[in-house]
Structure formats: structure tokens, C-alpha cells
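Trainee: Taking the hints into account, I'd like the entire structure generated from these sequences.
Sequence order for the protein chains is P and H.
Take the first sequence: its letters are residues 755 to 1549, numbered as in my numbering.
Take the second sequence: its letters are residues 96 to 318, numbered as in my numbering.
Calculated from the structure, these hints are not laboratory results.
Ideal Cβ placement from N, Cα and C applies to all residues, glycine included.
Heads up, a few of these hints could be off.
Said to hold, decoys possible - Taking lysine to any residue and the SDA-like style, the derived pairs with C-alpha atoms no more than 20 angstroms apart in a straight line are:
id : chain 1 : residue 1 : chain 2 : residue 2
1  : P       : K1080     : H       : V124
2  : H       : K230      : H       : K210
3  : H       : K175      : P       : I1084
Stated by the list, open to error - Which residues of chain P face chain H? A partial, calculated answer using Cβ under 8 angstroms:
id : residue
4  : I846
5  : N847
6  : R913
7  : K1080
8  : D1270
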Amino acid sequence: MIKNHLKIAWRNVVANPMFSAINILGLSLSLAITTLLFLFIYHENSFNEMYTNKGQIFRVTLQTGESYNNTVYANAPAMVGPTAAVEIPEVINALRVYKHGFGDPAYIGTKNNSFIETGLYYADPSLCTVFEIDLLNGNKDNALKNPNTAIISERTAERFFGTSKVLGQSFSIDDNKTIEITGVFRDLPTNSTLDGNVYVSMATSFFSKNPSWSNASLETYLLTTPNTNAKVLDKKMQEMLDKNVPEEGRWYSLKAQPFDQVHLYSSHIQNGYSSRKGSIDQVSSLSWLAFLILIIACINYMNLATARSQKRSREVGVSKTLGASKSSLIRRFYTETGLVTFISIILGVFIAILSLPYFNKIAGIEIPSDLLLSGIFILSLVAIWLVATLLAGSYPALYMSSFSAKKVLNGDKGGSFWTISIRRGLVVLQFVASTILIVGVYVIYSQLNYIQQKDLGFTTDRVVAVSINGVNDQNKVALLKEQLLQLPEVTALGAAQGYPGKNVSGRMIQHPLEDDGGLAVQTNRADAEALDVLQLRLLAGKNLPSVKAIGDTLVEVVVNKRITDYLGYEPAEAIGQKISMLPGENEYIVGVVDNFHYASLREPIGAYAFHNLASEYKEFLLLKLTVSDLSQHISRIQDRFQTVVDAVPFDYSFMDQNIEKLYIEEKQTASIGMIFSILAVFVACLGLFGLAAFTAEQRDKEIGIRKVLGASVLGITKLLSIDFINLICIALLIAFPLSYYIMNNWLQEFAYRIHIGWTPFVFTALFALLVAIMTVSFQSIKAALRNPITALRKE
Amino acid sequence: MLLQLKNIYKWVTQGGRRVFLLNDINLSVEAGEFITIMGPSGSGKSTLLNVIGMLDGFQEGEYQFLDESVHQIKEKQRSKLYKEYIGFVFQQYHLIDELTVYENIETPLLYKNIKSSERKALVADMLDRFNIVGKKDLFPAQLSGGQQQLVGIARALVAKPKLILADEPTGNLNSTQSQEIMELFATLNAEGVTIIQATHSETNAGYGSRTIHLLDGRRDHSR
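Mentor: Right, here's the structure in full:
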């Protein structure tokens, strides 16, 4: 019987090439998208699965109080890990990890070469125990015990030394420390939050020599006894703080975050070191997208199948008089759907495999292609196939199998009020889904555009940041400045600890009159030229002094308006006022600049100050160039750079790109969303196209009679199209409030955001109607142009 | 007694008035009869045939098929009756377009869950008998109307039904083809198959053993 079903199904597929093509094309495109999104979702959810201890690992997060905006950080003070391991019985082992230069690249020197390494961490010896990292070479237990030792990944070893047999070899970091390699580990998988290429022993770092309870810079992981509860840990860590830290030093509390939540549930947590940060929001919005697209394709199938049911109905009737039961007919239609979805899924997977590299690039992830061969993936394909078959096949199977034999055989053409209503309902549903997608993508793009166009309060135009972190000799820095300024394309050059879009030092400003805990402030050690390069708007006073006499202990500070507002001054009044920001220094406000967006537009603008106290390194040179084609001139700058400091690799970034990086997740979601929305609309239109063809076919005779009676081609085209246009309009009306609600919610994430005006809706309406009219009228015009006699002769 | 209809009424309501499609029909059919139902267009021939074939219901009356009451039959039992006892022949042949001649004839056997080897033998018999062996791999669209109707009859017969219901079986055929089909019916009837046909044609009626005349849904006893 199943053979017979398949036979009929296959012949039906072959006998109607156009409709089979529409069905298969639509389904396979959507299934390709579903497959890709599934891979993405699966990959995100599979994060850190390989660590068998994962259920027992917690990350210590640090929550600040009211005066620090209740921010949550992924880093804890250096004392927390070791103390917890001793004082909290549930904690078996503690691991502290610190990324070189808070995420700034490290300059690696080997015998013959120098490299920029962005994945260099410092870690406690417990690294290999807590995360069970196996060493290919070297002893796991004492690999990171001694100062100036490191373990290194296989691939990085090959990069630095050309071989993975590097035990005992050494390299230098930032030209001042020499590190010996005591182990080589297998490259960490792409779905691991741990993303280090080099782990240097914590004993090497500043933090092991000066552990404190206040400087919170270390990502700290606790390996606990099985079934330890996060709440219990929170409580015990609080007790630990109460015991060890005097009350005035307790400006934070500690919370344990289960390790399996670190990847997807950390978007509110600042300063995590891993370059691989997932977001449950992104995962869930893409899951919805996958689901919507699958629904659209399944509706296509349903619509086309039921539209064709008028022809198929005779077959149903005959089969019934031949003794077919309802259930055997249901099975037959499911078989047919199953065949079509099977062909589509094969095609879809093929498309997905071909487009995986592009998808990886757009989404900014690394889904390994061997995931496509894994058992779980094959299994889920079968699941997707079953779901698609059940979903798409349900309506035709249940609807058509219930045809009454008598009605059908007596030439009742079907198409009752209900069936037509359901078909219309499905078209509306499809377009509601498509409309939401279009509006959504439009709003996301408008917001991104707004961010790009928005006056940030400083300029990113033609500004390049060159890292001089590896240059330790101040004379060389001076020489470098001089050399670079000689280049004709460099008009201005300043040095600073950081630049907008990059975290600088967090401090507190005390209010002179009120004891309100103070105001958290970002402080940036800079010189006068750096402020010039950034073109900050000076509201009052002047820039930092460009020359500072040796022995001058005064500290000049340029603050933003947020600070003068807090202190209760008009900008002009603030000039010359003493400020207490850098502990124990003699600091005065010399200038006030307008507020500028030094962080993402998601956050409201906070306090920001530039100062000239030598408490931090000036890690960057900021160059203002005259030319707009920056990439061409970079090599000239690099040449100059290398003539002065040849041991330090040249590392630079464009300021506008640094700012764009703040919105990378939105960008990714938007580009994925845009491509997939276009495909979704395309698939929906395929369905509309097929449906229009059927309507034209079905009203064949009516059109013939009308033409004989004198109807014009235009009149008939209108007659056939107006029905669909009405449906689209209904869909738009339903979708608009829904999409407004959804997108308005999304925008709430941004402190600075656009208002959703009427433009996205007008755009979407025009777009949807235009596409729909083009699709439908193609069929309508074709039908209207036909010689009426061909239609009438048929009867 | 193969089947019996007692005081069958069937109507539709139009504009508040009942329009009778079947009006007090009484009919008993013995096994082995060849009955012709005649009457002008709209007299209720097809309706009566549909009621007998259980494709259509009725409002009042009693219908016994092989001593089983049909008035309130369920879909499952109905398809069982079709499988066991009844074969249909249609004016428009109603072959399944996607299936070949062979497969069309085979279909009722599939629904009866007959074994593959036995199916082959039965279908081969039919092909032989109707001289269409050479056409077994063709699709309906490749056959003439007369040939299609032959296939339709072969399909109706293959499951060895007790009763064949034929609604204008020759309505779409020319006279030579019609004659062939009617002679075939006569032969089948001689072999013991009960046949009920609806037709306009006096010539066709001549093949039957008994003729029932209908007029406006009633039996017309005047003729």
C-alpha cells in the first residue's frame, strides 16, 4: 500500500512541474534557513558541554552598589578565589583568569619573529583541573606553578614556532618578560567560553604579588562539591567578605553564576574576558525567525495542496467508492507531503551546507562543518522533516480525506465558504508573519543607522588608534610621535590611555557637600593633543596643558558636563574648582566638555574625565589623518612605526570601526534577519503566485463568459487581483500593531533610540502590496489575455 | 433478496417548500436481475442510484442491503460494503489519472488487502477478458473514451462484486462503443452479477430484465 501511495505521490509531483517546483523551492529554502538557524541555536546551546565538571563550576560575579549604578562585573578581586578555596568548605578548587592588558593584545617575541596575540591569559595552576584541559606535552599538575611559565595551544605553537613540539622553548611578552613553555594543549573547541591560546602562570602577573580585596580584575571560577547551590555559595561568600574586608571596603557583593549560564545569560555582565559571548535574546529571536519561516513554507504547501484539491477531489471520491477508508486516504496525503518535504529537506540541507561559510561570516560565529555529520544533527533533521510533514500535510490530509464521494463525483467543485475562508486565513497569516519580519528589519536598520549618524560628541572620522602598549621606552614613544607627525597625511597626534568605545579606569568622584557615596567616573589619562584629535566640544575653560613642568604636582582635569551637573556647577563656574577623584592628588578642573557617547548608546551617558596624572600608561596614539582612504596610508604609518620600534608588532584600529563593534550583535541579527526576511517574503510570494494561478484556472469559465460579454483585460485583471490585495491589506492591519509592540520592546534596550514613526509601516505596506500585485497580476493578466473560447469549449 | 427500498423519501427545502427528489420509492431487487432506471433529466435517476449505492442519504424510509439496515450506516461499514459487494461504473469513467490501466484495476484489491500474487492473477484475468493487455501500462489520458470505460468496468468487476451500479455508463460514448459495453453487461448479468443502470437510452434499456420509470422523483407506473 505504501508503495502505491508513494507511486501516486511521485507521479503527482512529476505531473505538475510548476507547482511541485514552487512547493519544493519554497520548502527547501525555508528548510535551509531552518537548518542553518538550528545549527546556530544548537551550537550556542552546546557551549561548554565538553567540560564534565560544568555542573560544579561557578563564576564569581561582582555586583556594585547604588553609587556604581548597580553594575554587574564578571571580575572579582584577586583575594576572592584563594580565600574561598580555604574558607568555604563547598569549594574544592578556585581558578583565577586574567586577560592580558584587560583584553589588549600582547606582543609576543620569539627568537626570529614577533606576533600579536589576542588570546593571552594569566591563569592559576588549577586551570587544568577545574576545566580538565589535557596537555599533549607537559605535566598537567605543575605546568603553571612557577612564575614565567606558560602552556600554549597546538595551533598557536605552530604559529609561533612552526611546530607543536615546543616544550622548553621560550618567548617574550611585551618585550619585558621571558616565558618558558611547560605544556601544549589541544586547541579549545569553538563552543567553549574559554578561548585562550596562551595561558601564562598567574604567579607571573602583578596580581599574585599584590592580591587585594578591592581591585576587581580577575575572572574567578569555583569548582565545588556536587549539588552545591548558588544561593548557598552567595551566602557563604558574603560571610567571607564580612570576615575579611573592613566595612568601608565592601563596595560590592559577590554572586555565584552557574557555569552553564555563562555563555548565554551574561549580556548584563560587564568585562567578561571571553571573545565568545552568546545572548539568549539573539538565540530566541532567531528561533522565532526559524519557526516563522517554517510556518510560511508549510502554509504555502497547504494552500497549494488545497487549491489543487478540486482536481484531486475526484480521485478521493473514486477511491472511496473503490473501498478506500478515510484513514488510508489520510495516510496517502501524508505520504505525498512526506515525499515533497523529503526532497525539499535534502535540497535544503544541500543549500545550507553551501551557505554555511557565508552564514558563519554574517553571524560572526564559527559553526564547524563537521557538526553537519553528527548524529544529533541527522536526528534533528529527521525531526524537522517529521514536523514539517505533519504541519504542512495536516490540512490537506484531513480536509481532503473527508470529501464526500457523492458530492465530488457529481461534479460539485468544492470550494465551500469554509475551505475558501481557511485558505484566505492562511494567506493572511503568511503575510502577517512576513510583514512583522519586514517591519522588524526596517526598525533595526533605522536604529543602527541612527547610531551611525548620531552626533556622538566627538569625531570618529579619519581617526586611527595605534597601540604603543608594547613600547616601554618613553624616549622611543617621543621619537615615534615625532616621526609620525612628519608624515604629510597626519595632521594631529595625541596619546591617551584609551579612547571612546574602550573601557578606561573606573573611579569615584566625591561630592564636596553631600555624602551620597559619590559618582562613578571613567578616567582617561590623556594629553592635550588627544582631546584635539577627538574634537570634543569645549563648553568652558581650556584643554589640558600641553607642556607640564617637571616636579609640577598639580593634576589638571577636563570633565564632561555630567560631572559639573552632579557637582552642581554651571560649566563656567566649575573652572578652577578642586575635585576629588584621584585619591590623594591635588586636582583641579581646567575645562568642561560637552557630554559625549564614550560607550554604547544602550547606556545613558555617565561621568567621564581626562587627566594628566601618571597613574596609568598612555597605551594608544590617536592619529588624525587628512585622507579619507585610510587603508592605503596605513602601510606608510606602519613603516614609520617599525623603523622606530621594530620589535613591537604594529597594531591599529580605525575609530569608526571601534564604535561599530559596540553594536556587533545588533548588526548580526539585522543582517541575518534581513536576508531571511527577504527569503521569507519570496517564499510567501511563491505561494501567492501558485494560488493566483489556481484561482485563474478555477475561474477560467467565468473569465471566458465575462470576456464574451465584453469585459476588458484590465477589468478582468482587477477582478482577479482585488481579492488578494484585500487579503494583504487585512494582513498589514493585523501585523502593524503586533510589529510595533515587538519592535518598541526591542528599542527599550537603548537609552538613545529612534521613535518608530509611520515610515516603516508605509514602506512595508508599499513593499508588500507592490510585490503581491506583481505576483498576482502576472497570473491575472495571463488569464485575462486568453482566448475565451478555449475556456468555454472545455465543458 | 439482494436489496429492498421501502417508502423512501428524499427532499430539499427551497424557499420554505419541500422539493421532492425521491417520493415514496419502493423497490426490491433480487440477485441476478438486470434493472434499468429510466426517466427524463431531473426525474431522480441518479439520486436513486446514489441512494442505492449509499453515496447519498434520504430523509424517510427504510433500506435493507443483504438484510442489513443502511439508514444509519457508518463510514467504515460503508467502505466495507463497497469493498465486498458493490462496483461502480460512471458516465465520466472516473479513472485515477496518475495510475496506469493496470494500477487502476488493481486499486480495489489493494483496499481489500489482497496478497500481491493473487492481485496479479486477478488483474491479469481482467486485462485478458477485456482484451486490454496491450494497454496495461498506458495512462487514462492515452485511451479513447470507450477504452476508458472498459477499464472502468474492469476495475468495478475485479473485486468480484455482487452488484454493479452504472450511472449512464454509455453517456459519453458513440453507438458502436455503447453497444459493446451493453453486450458486456448482458454477458456479466448472465454470469450472475446483478446490475442496476440508469440511462436515457431505450436501446440500452432493452438489455435489461426489468425497467423502472421515474418521473419527478416518483415511480411512474403508467408506462
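Trainee: Confirm or reject each hint.
Mentor: Status of each hint after checking the structure:
1. Among the hinted pairs, K1080(P) with V124(H) is inconsistent with the structure: their alpha-carbon atoms are about 30 angstroms apart, more than 20 angstroms.
2. For the suggested pair K230(H) and K210(H), the alpha carbons sit about 23 angstroms apart, so the restraint of at most 20 angstroms is broken.
3. For a cut-off of 20 angstroms, the pair hint linking K175(H) to I1084(P) stands: about 17 angstroms separates their Cα positions.
4. Annotation: interface hint on I846(P) violated; nearest CB of chain H at approximately 66 angstroms, more than 8 angstroms.
5. The criterion of a C-beta within 8 angstroms of any C-beta in chain H is not met by N847(P), whose closest approach is roughly 68 angstroms, and the hint is violated.
6. With a least beta-carbon distance of about 62 angstroms to chain H, the hint placing R913(P) at the interface is violated under the 8 angstroms criterion.
7. Of the supplied interface hints, the one on K1080(P) holds, with its beta-carbon coming within about 6 angstroms of a beta-carbon of chain H, less than 8 angstroms.
8. With a least beta-carbon distance of about 80 angstroms to chain H, the hint placing D1270(P) at the interface is violated under the 8 angstroms criterion.
When the structure is compared with the earlier hints, violations turn up for hints 1, 2, 4, 5, 6, 8 and for no others.
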